[in-house]
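There are 2 protein chains.
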Amino acid sequence: MSQSPKQFHLNAFLMGVGHHEAAWRHPRTDERRVLDVAHFQELAQIAERGKLDSVFFADGLAAGPRVEHNIQAVFEPITLLSAMAVVTERVGLIATASTGYNEPFTLARKFASLDHISHGRAGWNIVTSGGADEAANFGYDETPDHAGRYDRAAEFVDVAVELWDSWDDDAVELDVAGGRFADPAKVRTIDHDGARFKVRGPLNSPRSPQGRPVLVQAGSSESGKNFAARYAEAVFTAQRTLAEGQAFYRDLKARVAGAGRDPHSLKVLPGIVPFIGDTEAEAKALEQEFTDLISPAYSLRQLSGMVGVDLTEHALDAPLPPLPPLDRIQGNKSRYELVKNLAENEHLTVRQLIGKLGGGRGHRTVAGTPEQIADDLQLWFDREAADGFNVMPPYLPGGLEDFTTRVVPILQERGLFRTEYTATTLRGHYGLDRPAARIGAARARAATA
Amino acid sequence: MSQSPKQFHLNAFLMGVGHHEAAWRHPRTDERRVLDVAHFQELAQIAERGKLDSVFFADGLAAGPRVEHNIQAVFEPITLLSAMAVVTERVGLIATASTGYNEPFTLARKFASLDHISHGRAGWNIVTSGGADEAANFGYDETPDHAGRYDRAAEFVDVAVELWDSWDDDAVELDVAGGRFADPAKVRTIDHDGARFKVRGPLNSPRSPQGRPVLVQAGSSESGKNFAARYAEAVFTAQRTLAEGQAFYRDLKARVAGAGRDPHSLKVLPGIVPFIGDTEAEAKALEQEFTDLISPAYSLRQLSGMVGVDLTEHALDAPLPPLPPLDRIQGNKSRYELVKNLAENEHLTVRQLIGKLGGGRGHRTVAGTPEQIADDLQLWFDREAADGFNVMPPYLPGGLEDFTTRVVPILQERGLFRTEYTATTLRGHYGLDRPAARIGAARARAATA
Ligand SMILES: Cc1cc2nc3c(=O)[nH]c(=O)nc-3n(C[C@H](O)[C@H](O)[C@H](O)COP(=O)(O)O)c2cc1C
Ligand SMILES: Cc1cc2nc3c(=O)[nH]c(=O)nc-3n(C[C@H](O)[C@H](O)[C@H](O)COP(=O)(O)O)c2cc1C
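For the protein sequence lines, the chains are A and B, in the order given.
As numbered in UniProt numbering, the first sequence has no gaps in its residue numbers, which increase by one up to the final residue, 449.
As numbered in UniProt numbering, the second sequence has no gaps in its residue numbers, which increase by one up to the final residue, 449.
Same shape as in the complex, but just chain A (with noise of 0.2 angstroms):
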């Protein structure tokens, strides 16, 4: 078996029955089990016998248009995680939480909660909110505009990783004969005072196992990058054609070197859903399925959101009307252009549009056997648009079974990827260091004044 030096990451992004839109409806899922904690333990459970770095859940704060047709974040992420990680050992666990909406103490409490009880495999996606259905769960009017969302995002890490290393690694003693339960010099209060938030700290918990969670984002508009330039070490993004994910990925990766960060430490991964069968022809009957049972006016209704326009009397045979400039959305301006270039490009009706998102809202789509979804995969990865994928499995659990029991073992084979864990964090799965706790902002400009 060759070994090859670089090797890529693998993370399940897990969405109830699976991410077709038409998941709970098709015969291989069993709909009952979005509701069922089990079945995300089984998830959990399957990714680790895959080696998989991580499994992931998105996150939204409303309701939203899924009530009728799907609903697909019942659990809150981190409370999921959590009984997810007592039933593993060595799997990440990457839970979306939103900077819109909570408070920086709370949030970097909890976390460091997941990563005290997985034992060092907690991974924060932070997201800022874009819905319009979000901000009216929160006392606002409308949605707080981009920019600003982005700034309260900024301010909020910068807080939350202060909070992090408000503990020294050894600050907790547990002198018994002494009586003193953590050193206080070691424990230090972070004065945070900014444009958004002032927060005095420590964090009321000892400094957890990795330090801090890994930080994930999401978010692909300009800010968006810059943020992501900044701030995260691992990024999930929807890129469809292989020029379009090369591009990404350079353009990221000049941005994480201009932040003067080593750009391996920001693993990009594009999201990826695969229909696998025994022969290209079977794994596209598969997919033709799950389209044949899209709800139309369901779609019309996400797809509306999407580019900013009311679909849903618009007639499915038709293009797509006239949509409104970028500069107008609001919410999700990467899925805006992403849903945009894709009809134009391929010169799709509305109907054909949906069919193509329906699979991932807007991810790539791969259908074929496991060798051409392995071919694939490593064609992205040897011409460098990604560090590894988000898996998408289609249906659940079955998708993320043949995955990990399929293409997996090919990947590994070939020496892409590792057949046994050789760290036991999500830092260590990724290859990041583990930061040094080091003296909070504040601290240390009041130390150099």
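By construction, these hints were calculated from the structure, which means they are not laboratory data.
Some clues are possibly wrong.
Claimed, not checked - From the derived model, a few chain B residues whose C-beta atoms are all more than 10 angstroms from chain A:
#, residue
1, K51
2, D158
3, D170
4, L320
5, N345
6, T349
Said to hold, decoys possible - Have a look at the derived ranges for each label pair, beta carbon to beta carbon:
#, chain 1, residue 1, chain 2, residue 2, range
7, A, E142, B, G139, 19 to 27 angstroms
8, B, E89, A, D382, 47 to 55 angstroms
9, A, K6, B, A177, 43 to 51 angstroms
10, A, E142, B, V176, 30 to 38 angstroms
11, B, V176, A, P321, 29 to 37 angstroms
12, B, V176, A, D262, 44 to 52 angstroms
Note that beta-carbon positions come from the ideal geometry of N, C-alpha and C, so glycine has one too.
Once you have looked at the hints, place chain B with the ligands on chain A.
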């Protein structure tokens, strides 16, 4: 075996390796387990073997003065209880969470998650967060005032209840053939627009097994008792004498009736710290071993916080200095009164006071044989000072193991406590109704307008 028609309720209040402030220094504990999720999973299993109604975690949103001496709230309670839910089947799971520094949407959703994950065993201990150190972690220069905190708590719970009720029980249809996940007519916005919160809803989680978590409350000030009378289904309280316990019980039940509710719909659960021995002398000697491990410097800091006066330089063998009047206390008013009365009535020096408070921060300690402890609990129950107890083992897991294997069987013998679970949910254990989903208050207003 006689069966009493009225039985009582037992909640295990869990904290680190025990409630006694020096527990972690005593040979009966392994102090390293404060950071070990498996320790807490075992505690839940011990409680379940003892057929207890529930386990419970307190919580605070600041490291507080405990850093040096002890830290008890390493884990965020909901996250931790999720990990405990999946290794148990019956025991209730009560988490403390603050109305002061959370948003109703986010918190309602977390409790819905825990209730789904545990199949109907979640409870919420509603606290307003009175600590100045907590306020400083959320942008406040001082603690928001006492009355305002309870006003916020009331509106917070109103919103949370509306969110839990925003999905009808039968909204989720999972109609695979028809392609309808949920019936949109059974999922409603709440359109709450109040003094402090504006929340559209619906919640992004289907109605949970219990409809809503059991609502628990633990403040015993005037505002606290009025809040409890309106909202709480169980109340944790610190009462030191039978007479005080009876007075509190009568007072609270009268307020519940005054609020138009059935007095049985609220369970009064005073705290009790049991030291168990083969003989009374052995139990008292054990208690003394713990008292001897108390670190006075730490206790003085904690006592200072309770009474609103800096006692860190105060002579240990003198009585308390004059204390500020009750209306100057913005934090925990009832604990202030308890400590003040205890010191005055028993003419205690500061050192003696610290010893009395060491077991459970003011809660009543009983040291004796299993029979004596059972007698004591039965007395409080028979004389209408309690509907059950908040059991606070001084050391863990041993103190809980001893209580469940030595005291519980006596209570069962006497027909005072269940020998098997007769329900699967926490509401069931407490004999509480499952609330019917109701139309959100805002909608009801609109409908009658
Ligand atoms: C794979 C992937 C997963 C995402 N998951 C979430 C999510 O769970 N919650 C969310 O609010 N946004 C999510 N997003 C959206 C982005 O995080 C970001 O909020 C959005 O793209 C808007 O930012 P942008 O305008 O910078 O692109 C996801 C995006 C991608 C590519
Ligand atoms: C058994 C018990 C447990 C409590 N747990 C907490 C807690 O976990 N967090 C908290 O902030 N307050 C806790 N408290 C305090 C009360 O909930 C309340 O916030 C405090 O008593 C102030 O309210 P009051 O002035 O109405 O008494 C607890 C009180 C009791 C009796």
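Going down the list of hints, with the structure as the test:
Residue-level check passed: K51 (chain B) sits 23 angstroms from the nearest beta carbon of chain A, beyond 10 angstroms. For D158 (chain B), the non-interface assignment is confirmed: its Cβ lies about 15 angstroms from the closest Cβ of chain A, beyond the 10 angstroms cut-off. No beta-carbon of chain A comes within 10 angstroms of the beta-carbon of D170 (chain B); the shortest separation is about 14 angstroms. No beta-carbon of chain A comes within 10 angstroms of the beta-carbon of L320 (chain B); the shortest separation is about 24 angstroms.
Distance check for N345 (chain B) against chain A: the nearest CB is about 30 angstroms away, which clears 10 angstroms, and the non-interface claim stands. With 10 angstroms as the threshold on Cβ separation, the claim that T349 (chain B) sits away from chain A holds: the shortest Cβ distance comes to roughly 21 angstroms. Between E142 (chain A) and G139 (chain B) the Cβ separation comes to about 23 angstroms, which falls inside the hinted range of 19 to 27 angstroms. Range check, E89 (chain B) to D382 (chain A): about 50 angstroms between beta-carbon atoms, so the 47 to 55 angstroms window is met.
The given range of 43 to 51 angstroms is respected by K6 (chain A) and A177 (chain B), whose C-beta atoms sit roughly 48 angstroms from each other. Under the hint 30 to 38 angstroms, the C-beta atoms of E142 (chain A) and V176 (chain B), about 37 angstroms apart, fit the expected range. The beta-carbon spacing between V176 (chain B) and P321 (chain A), approximately 33 angstroms, falls within the hinted interval of 29 to 37 angstroms. The hinted range of 44 to 52 angstroms is satisfied by V176 (chain B) and D262 (chain A), whose Cβ atoms lie roughly 49 angstroms apart.
In summary, the structure agrees with every hint in the numbered list given earlier.
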